[in-house]
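Chemist: Going by the UniProt record's numbering, the sequence shown opens with residue 1, and the numbers climb by one from there.
Just so you know, the hints here were simulated from the structure itself, not pulled from any lab data. Computed from a predicted model, the values in this text were never measured in an experiment. Possibly wrong hints are sitting among the right ones.
Here are the computed lysine-lysine pairs in the DSSO-like style, where the Cα-Cα straight-line distance is at most 30 Å [what the hints assert, rightly or not]:
1. K118 to K20
2. K43 to K70
3. K43 to K112
4. K76 to K118
5. K118 to K43
6. K70 to K118
Cβ-Cβ distance ranges computed for the label pairs, FRET-style [to be verified]:
7. H15 to H163: 33 to 43 Å
8. S147 to S55: 32 to 42 Å
9. P8 to R184: 25 to 35 Å
10. P150 to S41: 33 to 43 Å
C-beta: ideal position from N, C-alpha, C; glycine also.
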Amino acid sequence: MDELAVLPDGLLQNHTCLHKLSIQRMRSLRSLSNQLNNLSSLKSLSIEDCDEVESLPEDVQNLNSLETLKICGMPKITALSVLPSSLATLRILLCEELTSLSEGLQYLTALKDLELYKCLKLNSLPESIRHLNSLQSLRIFGCPGVSCLPNQIRHLTSLSSMHIRGCSNLMSLPEGIRNLEMLRELEIEDCPNLERRCKKEKGKDWPYHRHQWTGNTVLGDLKNI
């Protein structure tokens with residue numbers, strides 16, 4: 001439905017038992033405002049390739065049953081609005097203009113899985129990441145603008161897996177990573193600055209990270225950091 005700019009009034013208003021909603025390739029759609037209010041049972045929401053949508057509707061934060069949110073191919077979204085605290089999985093893919101996650105992340109205390117993929121203008125993770133006490137998996141792929149990770153990452157006490165790939169300007173890992181007692185898997189690939197700093201026995205950060213180093217990948221059991 002390439003020419004549809006708005007969804008028909010009432011299209012989603014009476015679906016109180018709906019569990020999954022996927023909106024894809026509606027190239028002219030401009031807004032989803034006032035469409036999600038009554039979706040009280042919605043558990044999974046995916047919005048993909050909607051080129052003209054500039055922001056998530058405010059009523060997303062009222063979806064108290066929502067567990068999974070995927071946002072993909074949304075070139076005009078620059079920031080996240082407040083998201084429901086029930087979220088367990090958040091995937092943000094190919095949102096090239098996204099610059100800020102601050103507001104969207106601060107209340108996600110149930111979030112277990114966070115993935116960022118090719119968000120080219122994102123330059124850092126917000127300090128509010130400290131509130132993600134349930135986060136178990138963090139994946140950051142193809143985000144060349146990210147130059148650092150906040151030291152507040154030390155508060156992610158449930159984090160067990162972290163994968164960083166294709167972040168060419170990421171200069172170093174925060175010292176707070178040593179406080180992550182549950183972290184068991186760390187993979188770093190195609191991050192040349194980190195490769196130099198973590199080079200076995202020679203890199204500046206090698207004393208901080210006791211990992212097995214192979215090529216462009218750091219893999220290891222971090223229990224004894």
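Chemist: Indicate, hint by hint, whether the structure satisfies it.
Modeler: Structure-based check of each hint:
no.: 1; hint: K118 to K20; verdict: holds (25 Å)
no.: 2; hint: K43 to K70; verdict: holds (12 Å)
no.: 3; hint: K43 to K112; verdict: holds (15 Å)
no.: 4; hint: K76 to K118; verdict: holds (14 Å)
no.: 5; hint: K118 to K43; verdict: holds (25 Å)
no.: 6; hint: K70 to K118; verdict: holds (14 Å)
no.: 7; hint: H15 to H163: 33 to 43 Å; verdict: holds (36 Å)
no.: 8; hint: S147 to S55: 32 to 42 Å; verdict: violated (26 Å)
no.: 9; hint: P8 to R184: 25 to 35 Å; verdict: violated (49 Å)
no.: 10; hint: P150 to S41: 33 to 43 Å; verdict: holds (35 Å)
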